[in-house]
Amino acid sequence: QKEVEQDPGPLSVPEGAIVSLNCTYSNSAFQYFMWYRQYSRKGPELLMYTYSSGNKEDGRFTAQVDKSSKYISLFIRDSQPSDSATYLCAMSDSNYQLIWGAGTKLIIKP
Amino acid sequence: SQTIHQWPATLVQPVGSPLSLECTVEGTSNPNLYWYRQAAGRGLQLLFYSVGIGQISSEVPQNLSASRPQDRQFILSSKKLLLSDSGFYLCAWNGGAEPQHFGDGTRLSIL
Chain A
1 QKEVEQDPGP LSVPEGAIVS LNCTYSNSAF QYFMWYRQYS RKGPELLMYT YSSGNKEDGR
61 FTAQVDKSSK YISLFIRDSQ PSDSATYLCA MSDSNYQLIW GAGTKLIIKP
Chain B
1 SQTIHQWPAT LVQPVGSPLS LECTVEGTSN PNLYWYRQAA GRGLQLLFYS VGIGQISSEV
61 PQNLSASRPQ DRQFILSSKK LLLSDSGFYL CAWNGGAEPQ HFGDGTRLSI L
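Which chain is which? The protein sequence lines are A and B, in order. Per the working numbering, the very first residue in the first sequence carries number 1; after that it's consecutive. Per the working numbering, the very first residue in the second sequence carries number 1; after that it's consecutive.
A portion of the hints provided could be inaccurate.
[Stated by the list, open to error] Stretch-level coverage of chain A by chain B, calculated; a stretch enters the list once three of its residues show a Cβ under 8 Å from a Cβ in chain B: (1) 39-52; (2) 94-103.
[Said to hold, decoys possible] Anything over 12 Å on all C-beta distances counts as not near chain A; from chain B, calculated: (3) G16; (4) P18; (5) Q55; (6) N63; (7) R68; (8) P69; (9) K80; (10) S86.
I should point out that these hints are in silico values taken from the structure, not numbers from a laboratory. The model shown is predicted, which means the values in this text are computed figures rather than measured ones. The beta-carbon is built from N, C-alpha and C at its ideal position, and this holds for glycine as well.
Extracted from the complex, chain B is given alone in its bound form:
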């Protein structure tokens, strides 16, 4: 069966520090991969998605970037975090037109 892993679960970072969040999927090949941000009491905002290695589409201009160095690995990064980058970050995957399946998220707090 397929599983998705995200880490860390919780992260506290100072303003201006770099960020790297990692997501990996097991049990499938060539998945579509997604990064979302969820603000409290709000729906999910799509940040990036990828249909293959090295292929990244950005949905929202911002302080973040994404990379897909391997088929089942998706990384969310920032060179300098802003206070507004705080939130709950979720990674998801699917195959083709199937529904998306989510990891357990990373709660990021910027101080």
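This is chain A alone, in the form it adopts within the complex:
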């Protein structure tokens, strides 16, 4: 079993829909959680960074961490074609070495 599981997709939704992206993990020591967006042939770009459990909102993006279920989510409201990309989750314990999900490819259809 991988430490971090992420559905590779692709996930295809119409423009304007709410998107939900998820990762599950097995290591209860993880306490730092990140979401990155990666466009084709580019490096990952940090979207959201959360510590421990709870929600964090930034514009159209909301990150949610449920440590009791070992489950993290990224919600995108009012999705746009420019949101089409691969979304990677990453997490770490106090050693700060990141463990990555495989990424979910998201397609927003105009």
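We have chain A; now place chain B onto it with these hints.
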């Protein structure tokens, strides 16, 4: 503001040839530096990281090596490339416990 540069963006090399990929960071001092490889449809695999000049930690035994000759310069090398070295190579940096920030990567094809 801090920026990270990687070059070249694309590289095609024959099997058995040497490799040198360079990464530099601007606007910060004493960054942690990382080299990752990303295979198609897969997550990022950490290859090397460095917390200071001359300090290199290897995560995966392989045909590659890394060096940090200056504070903000990180180099990925190989003496003889294998077909299996093909992939997308990413350099990243952070300060302490902060999230990592990535360059735009080098797409390496081995023929």
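Evaluated hints:
Taking a C-beta to C-beta cut-off of 8 Å, the region 39-52 of chain A contributes 7 residues in contact with chain B, enough for the three needed, and the coverage statement holds. Beta-carbon proximity to chain B at under 8 Å applies to 7 residues in the region 94-103 of chain A; the threshold of 3 is reached and the given coverage holds. No Cβ of chain A approaches the Cβ of G16/B within 12 Å, the least distance being about 26 Å, so the stated non-interface status holds. Every C-beta of chain A lies more than 12 Å from that of P18/B, the closest at about 24 Å, which supports listing it as non-interface.
Once the 12 Å rule is applied to beta carbons, Q55/B is consistent with being away from chain A; the minimum gap is 15 Å. Every CB of chain A lies more than 12 Å from the CB of N63/B, the least distance being 22 Å, so the non-interface label holds. No beta-carbon of chain A comes within 12 Å of the beta-carbon of R68/B; the shortest separation is about 18 Å. With a minimum CB-CB distance of about 22 Å to chain A, P69/B clears the 12 Å threshold, and the non-interface call stands.
No beta-carbon of chain A comes within 12 Å of the beta-carbon of K80/B; the shortest separation is about 27 Å. Against the 12 Å criterion, S86/B stays outside the reach of chain A, whose nearest CB is about 15 Å from its own CB.
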